[in-house]
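Engineer: Chains A and B, in that order, give the protein sequences.
Take the first sequence: its position 118, counting from 1, is numbered 118 in our numbering, and each next residue is one higher.
Throughout, our numbering is defined as the position within the second sequence, counted from one, plus 1000.
The hints are simulated quantities; they were obtained by calculation from the structure and are not laboratory data.
No false leads were slipped in.
Derived BS3-like pairs: lysine-lysine, alpha-carbon spacing no greater than 30 Å straight-line:
# : chain 1 : residue 1 : chain 2 : residue 2
1 : A       : K172      : B       : K1111
2 : B       : K1234     : B       : K1218
3 : B       : K1135     : A       : K148
For reference, the chains in residue letters:
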Amino acid sequence: MRPLHPVSPSIRTVLGISFFVLFVVFWAWITLGGHVNRIFLADPLSMLRDGWRLLVEDRFWLDILITIWRVFGGFVLASVVAVPLGIAMGAWKPVEAFLEPFVSFARYLPASAFIPLLILWAGIGELEKLLVIFVGSVFQIILIIAVKVGSTRRDLVEAAYTLGSTNNSIVKRVIMPANAPEIAETLRLVLGWAWTYVIVAELIGSSSGIGYMIINSQSRLATGQIIFGIIVIGLIGLLSDFAFKAFNRWLFPWSLA
Amino acid sequence: MSKLLIEGVSRTFAGVRGGQPVKALMPIDLAVAANDFITILGPSGCGKSTLLRIVAGLEAPSEGRVLLDGKAVTRPGPDRGMVFQSYTLFPWLTVAENIAFGLRERGMAEKERDGIVASYVDLVGLKGFENHWPKQLSGGMQQRTAIARALANDPEILLLDEPFGALDNQTRGLMQELLLGIWERRKKTVLFVTHDIEEAIFMASRVIVMTARPGRIKSDVAIDLPHPRHYTLKTSPEFSALKARLTEDIRVEAMRTAQVKPAEP
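Put together the whole structure using the sequences plus the hints.
Structural biologist: Here it is in structure tokens:
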């Protein structure tokens, strides 16, 4: 194969789908063929059957909605705090010098380790779930945005100064619009991470949500349900990512033209 | 009285990693009369762009000062419009919005802006492209927009830092004629930095030749070719004579920069 040589779109699609097919075939072979104990791993058919029953009889779609709400709630909360702070840190170096060391440190604090503390502070209600996602996302967003804003093209800033911009309008009319697509892209990335935090939050001290269903199924050895839950998370993640991408493209046509 | 006065301006860059400080610009004195078109010609790295950036207020001189209409320059401002070599249109604004940028910063109402923008779009021949993003334009069109953007602010002086340096030869020739045509009609004080000898002569009423780094003024040549100038001027005997003279001047400096010794005859 020639290195770096592009592949045609149709072959790309076929190859992409065929791995999924291979994966499912392998899964069916080891489970239906009796190569693993079905207590540990359900086969694809009973996974689908369990999933259908979950949705129809156990009102699993309510759990799905609750999880989605938690992800977006925590994520929006984190964005509202982090985006302005990140821009301020990138634009004004004294602000960066003041906050950057602490934020860099806080970024490495694992969100999941905060769960016991957050339960003490906020109970096991919705607020605690939102806070887990908030803690997990906010420092990441701040840092990435600060770096992007800090590397704003200097020649654009200089051009604006020669056109009469003041310091404040440089931030408002150059730094912010210039970095808006990057900021949106950062948020899309962090939203993906928020999906992992929410499940962790729901595994502990929860009575609803996809994560709760998964931990609940474990005690009943319902591996079909667990796998169905994991796949649902993956699908929702994929869908929200597509939607976010399309939204960004619509919002910033100039960056693609 | 001179429009622009450069008085003993020099620039020294601090040494890197404890090295010797680098002298980029020897003290320079230059007086620019109103509505003069001055080209600053020099080998690359001679500090001509640094000089222009000091006039723009984007860099501070190590010594000396710059006076525009008798007022000292301390920071960049809309009275000194600038066109850069790199494409510096704001990519998130359309052509029309780019041209209106300075007017908007000044707080001008949209209605009033629109009329001015339309006239400058017309001036640089971009009718029909008002709503295009910069990415959709060729390099020449982007620089035309940049010129319109700088002129729309009606600056006291227009500064151009090798604005056509990244364009191909044919486009560059057309851009020279366009800019010169605008200057012939509208009159404006212009400081134009280039390393292209033909461009320097064709555009200028006065060519300032700079030496290799550290830059000083080597010669100051008045160009008395008649206006309006047509591209055929570039093949006239008078033009060739000027070109021969400046080529000799600049060649010596280029060789100093490149550390090449002239071949023995």
